[in-house]
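Student: Generate coordinates for the entire structure from the input sequences, incorporating the hints supplied.
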Amino acid sequence: MDNVTTHESVAHSQAHDHAHHEELGFWRKYVFSVDHKVIGIQYAFTGLFFLLFGFTLMMIMRWQLAYPGRPIPLIGAWLGQDRAPMGIMLPEFYNQLGAMHGTIMVFLGVVPLAVGGFGNFVMPLQLGAPDMAFPKINMVSYWVYFLGGVTMLTSFFLKGGAAQSGWTSYPPLATLPIANGQTMWLIGMIFLITSSLLGSINFITTIVQLRAKGLSFMRLPFFVWAQFVTSFLLLLAFPPLEAAGVLQLMDRVAGTSFFMPSGLVVSGRPLTVAGNGNPLLWQHLFWFLAHPEVYVLVLPAMGIVSEIIANNTRKPLWGYKAMVYSVVFLGFMSFIVWAHHMFMTGMGTAMSAFFQTTTMIISIPSVIILTALLLSLWGASIRFTTPMLFALAFLPMFGIGGLTGLPLGLAPADIHLHDTYYVIGHFHYVVAPGTIFALFAGVYHWFPKATGKKMNETLGWIHFWGSFICINLVFMPMFIQGLGGMNRRMYDGGAQYAHNAGLLKWNLVIGFAAWGLGVFQIPFIINFFSSIKWGKAVDKNPWEATTLEWLAPSPPGHGNFLTEPIVYRNPYEYSVPGAAKDFSPQFEA
Amino acid sequence: MEIPYIVETRPDTGLHNGKLGIWLFLASEVMLFGALFSTYIILRVGAPEWPHGELSVLLGAINTVILISSSVTMVMAWASLKMNDWGTHRLYLVATFALAALFLVNKYFEYSEHLGKGEGPWHSTFFAIYFTLTGLHGLHIVGGMVVMAYLLGPGAKMWKKNPDQFANRIEATGLYWHFVDLVWIFLFPVLYLL
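Chains A and B are the protein sequences, given in the same order. Read the first sequence against the numbering used here and you will find it ends at 590, with the numbers running on by one and no gaps. Read the second sequence against the numbering used here and you will find it ends at 432, with the numbers running on by one and no gaps.
Everything labelled a hint here was simulated from the structure, so no lab data went into it. Given the structure is predicted, the values throughout are model-derived calculations rather than measurements. Some hints here could point you the wrong way.
Selected chain A positions facing chain B (Cβ under 10 Å, derived; list incomplete) [unchecked claim]:
| hint | residue |
| --- | --- |
| 1 | ALA130 |
| 2 | ILE138 |
| 3 | SER217 |
| 4 | PRO241 |
| 5 | SER258 |
| 6 | ASN488 |
From chain B, some residues computed to sit far from chain A (all C-beta separations above 10 Å) [stated by the list, open to error]:
| hint | residue |
| --- | --- |
| 7 | LEU262 |
| 8 | GLU267 |
| 9 | MET269 |
| 10 | ILE300 |
| 11 | ILE306 |
| 12 | SER307 |
| 13 | ASN322 |
| 14 | VAL343 |
| 15 | PRO359 |
| 16 | ALA366 |
| 17 | LEU389 |
| 18 | LEU413 |
| 19 | LEU431 |
Built from N, CA and C at the ideal position, the CB exists for glycine as well.
Tutor: Structure (structure tokens):
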């Protein structure tokens with residue numbers, strides 16, 4: 002807090018200009034930085050790395066599903082005897098890949114990028130704040146997250162490999178002494194949860210306390226509202242999982258039986274544990290976090306999309322207030338829907354009836370937000386920039402993801418669909434072509450703010466259309482497979498069951514689409530790095546946007562704004578009748 | 239630009255940043271211990287039988303008195319700071335630290351007695367809960383002691399430079415300390431008496 006100093010010069014902040022007249026050394030400025038923008042970029046880079054890593058795990062799994070028992074090309078020889086002898090994947094390794102794909106994508110990829118990356122970089126700027134409320138805690142939360150990531154990665158190299166009980170880590174399977182990776186998984190999760198807690202305290206305090214003069218709550222950009230509700234979900238839903246993680250860790254290392262029932266027989270041998278535990282308890286504690294976590298994944302994406310749609314339609318968002326009330330209501334409701342993940346556990350019809358009712362209710366605010374965004378397009382002369390393409394794709398993709406969730410939220414329909422590829426298709430539509438597309442949109446949209454350069458539109462166009470087609474070919478066939486009864490988490494793709502015979506061919510389609518999707522990320526990677534150096538230099542407001550972050554220089558220096566910003570109007574005053582230009586920024590009187 | 243409202247309160251919210259931060263942190267702590275107490279309820283309701291009289295009520299009661307006293311000394315440490323009485327503040331803060339240490343010494347005797355009898359967390363659901371809940375609570379005590387040690391040692395220098403901010407820090411520490419105390423006030427009847 003003491004070392005926040007004002008810099009009038011824009012040049013100081015340029016990433017590659019750190020040579021002389023700067024009192025902070027390299028380590029304090031770029032590694033252990035307390036500046037929210039540097040921390041945001043650290044989060045974003047690490048998050049993007051983990052997204053790519055988690056996706057790579059999936060591309061390896063997709064080979065095994067498309068061609069069960071055939072040696073993995075290119076990297077198979079390097080995986081080692083414990084994972085893939087002669088390049089042929091062992092079932093245990095398949096389970097590790099599955100569990101770690103989920104864990105990495107959710108906790109190390111999407112959330113750090115959406116909340117840690119965009120939240121940290123954009124939110125204080127949109128508030129007109131000089132930094133986060135607690136800059137040092139902000140730095141700690143990044144480094145604790147980093148430690149959690151390292152813990153997860155190193156678990157692959159332990160004897161017995163990484164965690165292999167799925168990202169949900171249901172006991173008793175997860176508590177069995179096989180695979181030390183599970184213990185590392187729990188320790189890693191405790192790091193990640195701690196990081197999220199520190200981050201969310203910082204976010205909420207910043208939004209409540211550091212709003213610029215004139216920036217009332219109903220003048221906040223929708224992105225800030227989304228981050229605000231997200232932070233409350235992280236703050237209040239993560240601690241129960243931390244408790245559950247501690248209890249499972251005790252089960253694994255101290256010999257307790259919180260989640261271990263009595264009289265369990267494994268591989269023909271009775272298990273010697275104290276017993277009297279309750280495996281369902283883990284599921285309740287886990288989903289008490291993990292359902293709000295779904296909204297942690299989605300809300301920042303909705304926030305990003307709202308910003309980009311308002312900017313590129315050159316119109317105010319349709320129904321801004323309804324969207325704000327919806328997002329708050331959605332936050333509340335997300336705490337009382339968790340057991341719709343557990344209809345099949347035998348918890349009873351009364352419980353199922355309650356949770357299916359709340360689940361139907363929570364779809365209402367989601368639909369209101371999506372409808373408001375859709376209606377915002379009506380009658381607009383849309384600018385089809387790369388960020389807008391991704392933002393527009395979010396709407397139908399999230400729509401498909403959401404609508405296919407309804408049958409899963411109804412207990413009778415869920416009996417048929419539970420644990421099939423239909424579920425995989427459903428939540429991936431929400432998170433992959435939904436949230437991750439929104440995150441790409443955000444990268445293209447705020448890249449000029451972070452670097453002072455614009456990303457290449459042609460490469461962006463190729464990236465978008467290639468990804469859009471491939472990702473639908475990956476997930477659409479999963480609905481067919483799931484409705485046909487194909488189970489998830491099958492190491493041979495389900496070939497052992499006769500009823501899957503007609504469905505296996507889709508595994509080839511999905512496999513090639515997934516590898517194609519990998520190929521279409523190459524233009525993005527090239528575009529990202531080459532634009533930092535050779536991108537078209539832009540001024541502080543290249544998109545002619547209205548929110549406060551576009552008042553700060555691109556890239557903003559330490560302390561963000563040259564003069565204290567004052568807010569005069571609502572966030573999306575585009576095409577105001579009688580105004581001289583088609584955008585009236587919040588910061589202009 | 240400097241970060242505003244580190245010391246002074248924001249007029250429309252009536253808070254300084256640190257105060258909101260510590261309350262949010264405590265909200266998350268409520269959820270953490272709430273989940274653990276829920277675990278206790280669910281496991282106890284589902285248990286075929288539940289042991290009684292396993293723990294020494296006397297030691298537990300002494301520890302309850304110790305922690306409640308430490309909450310009082312904590313308040314006095316803050317109040318004397320507000321009255322600009324640095325010497326009394328130091329005395330009360332040292333007393334709080336000492337009481338916390340005393341609590342842990344007591345806890346050590348309790349733990350070693352049970353572990354000596356082979357009643358570790360692996361022994362039964364009751365002892366699993368006992369060790370996990372009191373262990374996590376003990377970690378919170380240690381955390382509080384680390385903060386107090388900092389405020390007694392290198393952190394005390396801030397009093398000269400910025401007395402208001404230092405008083406805010408003592409207040410935040412106090413809020414946390416009362417919470418840790420409150421958790422124990424729930425733990426004592428739940429584990430020792432019921």
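Student: Determine for every hint whether it applies to the structure shown.
Tutor: Here is how each hint holds up against the structure:
1. ALA130: Nearest chain B Cβ about 8 Å off; hint holds.
2. ILE138: Check passed: Cβ of A:ILE138 comes within 8 Å of chain B, closer than 10 Å.
3. SER217: holds, 9 Å
4. PRO241: Check passed: Cβ of A:PRO241 comes within 4 Å of chain B, closer than 10 Å.
5. SER258: Status holds, d = 7 Å.
6. ASN488: Where the cut-off is 10 Å and the nearest Cβ of chain B is about 30 Å from A:ASN488, the hint is violated.
7. LEU262: The assertion about B:LEU262 is violated, with a minimum of 5 Å to chain A.
8. GLU267: Incorrect as stated: the minimum Cβ-Cβ distance to chain A is 7 Å, not above 10 Å.
9. MET269: violated, 4 Å
10. ILE300: holds, 26 Å
11. ILE306: holds, 25 Å
12. SER307: Fine: 29 Å to the nearest Cβ keeps B:SER307 off the interface.
13. ASN322: holds, 24 Å
14. VAL343: holds, 23 Å
15. PRO359: violated, 5 Å
16. ALA366: The claim is violated: B:ALA366 sits with its nearest Cβ about 4 Å from chain A, within 10 Å.
17. LEU389: Correct as stated: the minimum Cβ-Cβ distance to chain A is 16 Å, above 10 Å.
18. LEU413: holds, 14 Å
19. LEU431: holds, 22 Å
In this structure, the earlier hints numbered 6, 7, 8, 9, 15 and 16 are contradicted, and the remaining ones agree with it.
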